[in-house]
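Novice: Given next are the chains, with one letter for each unit.
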Amino acid sequence: MAIMVDPPNGMGNQGKYYYSMWQTLFEIDTKYVPIKPIGRGAYGIVCSSINRETNEKVAIKKIHNVFDNRVDALRTLRELKLLRHLRHENVIALKDIMMPVHRRSFKDVYLVYELMDTDLHQIIKSPQGLSNDHCQYFLFQLLRGLKYLHSAEILHRDLKPGNLLVNANCDLKICDFGLARTNSSKGQFMTEYVVTRWYRAPELLLCCDNYGTSIDVWSVGCIFAELLGRKPIFPGTECLNQLKLIVNVLGTMSESDLEFIDNPKARRYIKSLPYTPGVPLASMYPHAHPLAIDLLQKMLIFDPTKRISVTEALEHPYMSPLYDPSANPPAQVPIDLDIDENISADMIREMMWHEMLHYHPEVVAAMSAR
Amino acid sequence: MRGKKPHKELKLSVPAQETPVDKFLTASGTFKDGELRLNQRGLQLISEETADEPQSTNLKVEDVQLSMDDLEMIQVIGKGSGGIVQLVRHKWVGTLYALKGIQMNIQEAVRKQIVQELKINQATQNAHIVLCHQSFYHNGVIYLVLEYMDRGSLADIIKQVKTILEPYLAVLCKQVLEGLLYLHHERHVIHRDIKPSNLLVNRKGEVKITDFGVSAVLASSMGQRDTFVGTYNYMAPERISGSSYDYKSDIWSLGLVILECAIGRFPYIPSEGEGWLSFYELLEAIVDQPPPSAPADQFSPEFCAFISSCIQKDPAERMSASELLNHPFIKKFEDKDLDLRILVESLEPPMNISE
Chain A
1 MAIMVDPPNG MGNQGKYYYS MWQTLFEIDT KYVPIKPIGR GAYGIVCSSI
51 NRETNEKVAI KKIHNVFDNR VDALRTLREL KLLRHLRHEN VIALKDIMMP
101 VHRRSFKDVY LVYELMDTDL HQIIKSPQGL SNDHCQYFLF QLLRGLKYLH
151 SAEILHRDLK PGNLLVNANC DLKICDFGLA RTNSSKGQFM TEYVVTRWYR
201 APELLLCCDN YGTSIDVWSV GCIFAELLGR KPIFPGTECL NQLKLIVNVL
251 GTMSESDLEF IDNPKARRYI KSLPYTPGVP LASMYPHAHP LAIDLLQKML
301 IFDPTKRISV TEALEHPYMS PLYDPSANPP AQVPIDLDID ENISADMIRE
351 MMWHEMLHYH PEVVAAMSAR
Chain B
1 MRGKKPHKEL KLSVPAQETP VDKFLTASGT FKDGELRLNQ RGLQLISEET
51 ADEPQSTNLK VEDVQLSMDD LEMIQVIGKG SGGIVQLVRH KWVGTLYALK
101 GIQMNIQEAV RKQIVQELKI NQATQNAHIV LCHQSFYHNG VIYLVLEYMD
151 RGSLADIIKQ VKTILEPYLA VLCKQVLEGL LYLHHERHVI HRDIKPSNLL
201 VNRKGEVKIT DFGVSAVLAS SMGQRDTFVG TYNYMAPERI SGSSYDYKSD
251 IWSLGLVILE CAIGRFPYIP SEGEGWLSFY ELLEAIVDQP PPSAPADQFS
301 PEFCAFISSC IQKDPAERMS ASELLNHPFI KKFEDKDLDL RILVESLEPP
351 MNISE
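For the record, the sequence lines run as chains A and B.
For the record, in the first sequence the residue sitting at position 162 is 162 according to my numbering, with numbers rising by one throughout.
For the record, in the second sequence the residue sitting at position 14 is 14 according to my numbering, with numbers rising by one throughout.
For the record, the hints were derived by calculation from the structure and aren't laboratory data.
Reference listing, derived: stretches of chain A covered by chain B, where coverage requires no fewer than 3 residues with Cβ under 8 Å from a Cβ of chain B: (1) 133-142; (2) 239-248.
Covered stretches of chain A, as calculated for chain B (at least 3 residues, CB under 8 Å): (3) 64-71; (4) 166-172; (5) 258-267.
For glycine and all other residues, C-beta sits at the position ideal for the given N, C-alpha and C.
Let the sequences and hints guide you as you build the complete structure.
Specialist: What follows is the structure, given as structure tokens:
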């Protein structure tokens with residue numbers, strides 16, 4: 001499936017091999033042997049590979065022409081900075097970033113992750129049966145990984161089934177940190193993509209300026225509902241439709257439920273929606289465990305100040321067979337994720353280069369030797 | 001270190017890893033779906049009887065001369081979240097094209113839509129729609145070879161001139177309406193995103209609609225990540241409020257665009273220059289307030305009536321494209337042999353790179 005090919009224009013680079021996979025050219029370090037394309041990933045091709053030095057299976061993600069799209073370039077840089085610091089069994093590990101040959105003009109980035117078998121999106125839409133034990137274990141791992149992130153004041157901001165990788169033994173890892181922010185980041189909401197719409201919390205849909213870790217909890221609630229129902233709970237077609245679907249399920253909000261909305265026009269919009277009594281979650285998911293319904297209900301609270309937190313969710317009775325508070329230490333000190341949104345493409349490239357150096361002490365040593 | 005695990009070992013039967021790719025991508029790099037084949041050599045529709053013997057009989061004669069290898073890149077002329085657009089030249093013939101490249105999204109629902117739209121694109125022919133000459137699949141990217149409009153978009157033009165005079169607006173309107181008439185009544189398609197940057201202009205003064213069909217579908221595969229800024233500016237009130245909508249929603253968008261060209265600002269920006277309305281203020285203005293209008297002391301009665309006919313909040317009261325083509329404002333200038341060439345030639349070409 002992966003075919004070794006001659007380098008383009010007959011000019012190869014030392015330390016690199018060239019492979020063609022589904023017409024995509026991979027220029028990768030010689031210690032990796034590609035096996036086959038996996039096809040996952042929002043940008044370009046991902047292929048499974050073996051690291052010959054460690055005999056370890058990895059996933060190599062090629063991001064093609066990373067600087068063509070500024071938003072994507074910043075996302076990639078942010079993910080690189082963040083993943084370097086994160087070490088948790090429920091967070092995907094970035095094991096390597098291949099050094100490009102041309103420091104000042106490289107266009108593609110090759111990221112090496114630990115290899116997982118599939119993602120939750122594929123599982124949910126497959127015929128695979130999911131028992132209460134499956135749902136419980138997946139949810140537990142997601143909450144545990146999230147507790148680690150939130151303890152470092154990291155908001156993921158794009159939790160969805162496709163960003164949760166799983167193995168055949170049901171291990172789960174959170175991936176795709178391109179939209180992550182620290183809790184203290186200045187709001188840059190209006191100029192940036194945030195959570196994929198179906199998993200977007202009400203406070204984001206209503207343009208509230210101060211949002212926090214609770215936006216991730218809402219996304220977890222949507223994912224949990226999707227595990228139970230095997231289809232998205234709020235598949236909105238547009239932002240306003242998204243709000244309507246949410247209100248149709250939760251029912252028309254009381255005055256006190258809307259106090260968190262600091263934009264008076266947004267508040268008026270919500271009030272203008274027609275009255276609806278809502279739909280009981282128990283009738284939407286008739287086969288779900290009663291404790292699962294109770295926890296889901298606490299996650300899908302419209303008002304973020306009343307929504308259950310990750311720690312509280314782990315302490316909920318539904319999680320008691322799995323949760324051991326003493327076994328979940330917090331992350332290290334908060335990570336600096338602030339990147340000036342206005343930096344040039346060349347500066348983004350240079351910062352990426354510096355991230356790569358952290359995985360290549362031999363390059364740092366060589367540079368020092370000059 | 002690890003938390004307690006459930007008593008019984010949990011297992012998943014993992015879907016075959018090759019399925020996501022194998023289903024739509026062959027080993028030689030052809031994107032396939034049903035009868036459709038898309039690769040470096042172009043787009044083919046393989047009929048059932050000859051599925052085992054791919055033929056080129058479905059290719060348009062013109063397309064036989066077009067392949068990826070024949071195109072050389074000149075420069076990037078557009079960037080956005082939907083992909084990048086490059087100016088390319090045919091090496092042998094010298095023709096210029098706009099090559100739009102969009103990363104393939106492997107989600108099944110999006111792929112199905114892309115396939116459907118690629119088929120529709122192949123059949124779309126109208127003087128006021130940007131022509132898609134060919135499409136390719138290469139290196140994980142879908143490429144559309146589009147007609148090159150060398151004067152950029154209406155957004156580029158109004159950045160320079162601020163306002164456009166009524167005679168030119170009538171000519172502009174007529175062309176866009178003819179394009180919409182084709183989309184609505186022959187293709188039965190709602191564009192859904194009529195705005196200045198989707199109305200392209202060439203040096204001959206022709207105006208053409210772009211970013212519908214496959215471009216819009218591909219762009220919308222990123223659409224779950226929509227931003228608020230700009231999403232709703234030109235959207236019809238019935239669509240914003242969640243009611244059903246039809247072809248008339250494109251007419252509302254066109255009306256706002258034309259009014260913007262006339263008065264020199266987006267109609268829902270306060271004239272006092274307070275700055276942009278916030279998102280929900282904009283929504284409230286569009287859905288709950290009376291529609292904007294052309295000031296009667298600055299514009300002709302025919303123009304004011306035309307704008308009013310486009311931006312009625314009740315779509316039933318809005319005119320259709322065919323009705324508007326017979327509106328007195330359009331008729332008023334029809335016999336005066338006007339075109340946009342003079343206006344367009346007096347302006348700077350668009351910047352090389354725009355976002």
